[in-house]
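Spelled out, the chains give:
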Amino acid sequence: MPKLIAKTPLSGLWPVTHRDLSLSEVALDRITSVAPFRGQEKALAKALKPLGLAFLAPNSFAEKAGVRLVWTGRDQAFLINAVLETPAAALTDQSDGWACLRLEGAGAADVLMRLYPLDLRAQVFAPGQAARAGLNHMASVLMRTETAFELLVFRSMARTAWAEIAEAMQHVAARRAL
Amino acid sequence: MRLTCPLCGPRDRREFHYLGAEEYLRRPAAEAASAAWDDYLHNRDNPAGETRDLWYHEAGCGQWLLVTRDTVSHDIRKVELVATLKGGAK
Ligand SMILES: [Zn+2]
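Protein sequences appear in the order of chains A and B. Take the first sequence: its letters are residues 22 to 199, numbered as in this note's numbering. Take the second sequence: its letters are residues 2 to 91, numbered as in this note's numbering.
Bound-form chain B, shown alone:
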C-alpha cells in the first residue's frame, strides 16, 4: 500500500501511522451533550466502500493527512493535508 503525501510524494505505508476515522477532526464543544461525545469517541461506521481516515506522515514531513480510500477495491482516491482543509489547524 502506498499513499501519495501532498508534500512528499508517493510513499510506502510503513512511513505512516494510522489514527482512525475522519470524525476525529470534528471534536464536539466541551459542553456538548454526552451523546455527541459518545459518537465522537466510540461510534464508527464500517463501510464496504468509501471511507475517510486520518494518517500521520511519521517518517516523512510530519503532517496529518486525510485519506479517502475504498475498503472494497483498496483504491486510494484522495490524500489531503489536514492543515490546509477548511477549518483545519493552521
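Just chain A, with the same shape it has in the complex:
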C-alpha cells in the first residue's frame, strides 16, 4: 500500500508575526479522549501513572515529558501525544479532529480577550489553567503554558480561527504601536 503523506490542519500557512506577537501551528501526533467509567477512577489513575499524569480537576491541564492531559468536560480529558490502553475509561481517537494553534508574545492575552469572553490576565488565568470556551463562535479548548497560549479548535474551523486570531493580533499590535 502506498504511504500517504498526512497534512496538518494548517499546512501551507506560515507563522504570523505582528510586533512581539506570533501565531503558529502546533503539530500534534495523537489526541485521545479519556472518559473514565463510573467507579473506575482508581483503575484509571493506575493506568495514567506510567505517564506521570493524574486525572484532572476542571479547567486545568498537566504535562510530563511532552505528554499532556487536559480537562475537556465533566469526567472527560484529552490525552495528547501518548498511547493509553485501559478498560477503566472510554478511549476515543480524536487525532485528526482538532487543530492546535499557539499564540505567544507580549499582548497575547489582549488578543485572545478580543475573541474569548474570559478574563485571561495572568493573575486570573495562570499557566496550567485550561478552559472550554467559545473562541468567537467556535468551540475550543484553551490552555496557558508558561510561555504561550495553546488552543484546540475543530479541524474544520482551523483556518477561520487562524484568520480571526491573526486579525486581532494586528489590531492589538497597532494599538501598542501608538
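Derived from the structure by calculation, the hints contain no laboratory data. Because the structure is a prediction, the values reported are computed rather than measured. Any given hint could be a false lead.
What the hints assert, rightly or not - To give an idea of the chain B side of the interface with chain A (calculated C-beta under 7 Å), a few residues:
hint: 1; residue: L8
hint: 2; residue: D13
hint: 3; residue: E16
hint: 4; residue: A60
hint: 5; residue: G61
hint: 6; residue: C62
hint: 7; residue: G63
hint: 8; residue: Q64
What the hints assert, rightly or not - So these bits of chain A aren't anywhere near chain B, every CB distance computed over 12 Å:
hint: 9; residue: I26
hint: 10; residue: T29
hint: 11; residue: R40
hint: 12; residue: E46
hint: 13; residue: L49
hint: 14; residue: L72
hint: 15; residue: A83
hint: 16; residue: A86
hint: 17; residue: V88
hint: 18; residue: Q115
hint: 19; residue: L139
hint: 20; residue: A154
hint: 21; residue: T181
hint: 22; residue: A187
hint: 23; residue: R196
hint: 24; residue: A198
Where is the CB? At the ideal position from N, CA and C, for every residue including glycine.
Given chain A's structure and the hints, the job is docking chain B with the ligand onto it.
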C-alpha cells in the same frame, strides 16, 4: 448576563443555550393522563420573581444546568448541574 457554571466558572451568556422551564426535568410516564402531558409540554407559569429553567453550556463543558433566577431583579441565585441533581441523569 453571566452564569457561573459549576464546572467552568463564570461565563458570558453567549456560551449558553436556553431550553426552558425546569418542568422539562419531570417527564411524565408514557401512559400518563393526557392532562399530565399537556402540563409538561405546554402549561407554564410566568412568575414575576423566582423562576427555574434549564440552560445548556454549549460553548463550554456541554452540561445541562438548572438555573434559579429572579425575573424582577435579574439576580442569578443558583446554578446546578442537572447530572448531579437527585434523580438527574447520570
Ligand atoms: Zn460549563
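Okay, the hints, checked on the actual structure:
no.	hint	result
1	L8	holds (5 Å)
2	D13	holds (3 Å)
3	E16	holds (5 Å)
4	A60	holds (3 Å)
5	G61	holds (5 Å)
6	C62	holds (5 Å)
7	G63	holds (5 Å)
8	Q64	holds (6 Å)
9	I26	holds (34 Å)
10	T29	holds (25 Å)
11	R40	holds (28 Å)
12	E46	holds (23 Å)
13	L49	holds (22 Å)
14	L72	holds (24 Å)
15	A83	holds (18 Å)
16	A86	holds (28 Å)
17	V88	holds (23 Å)
18	Q115	holds (15 Å)
19	L139	violated (8 Å)
20	A154	violated (6 Å)
21	T181	holds (15 Å)
22	A187	holds (21 Å)
23	R196	holds (23 Å)
24	A198	holds (29 Å)
When each numbered hint is compared with the structure, violations occur for hints 19 and 20.
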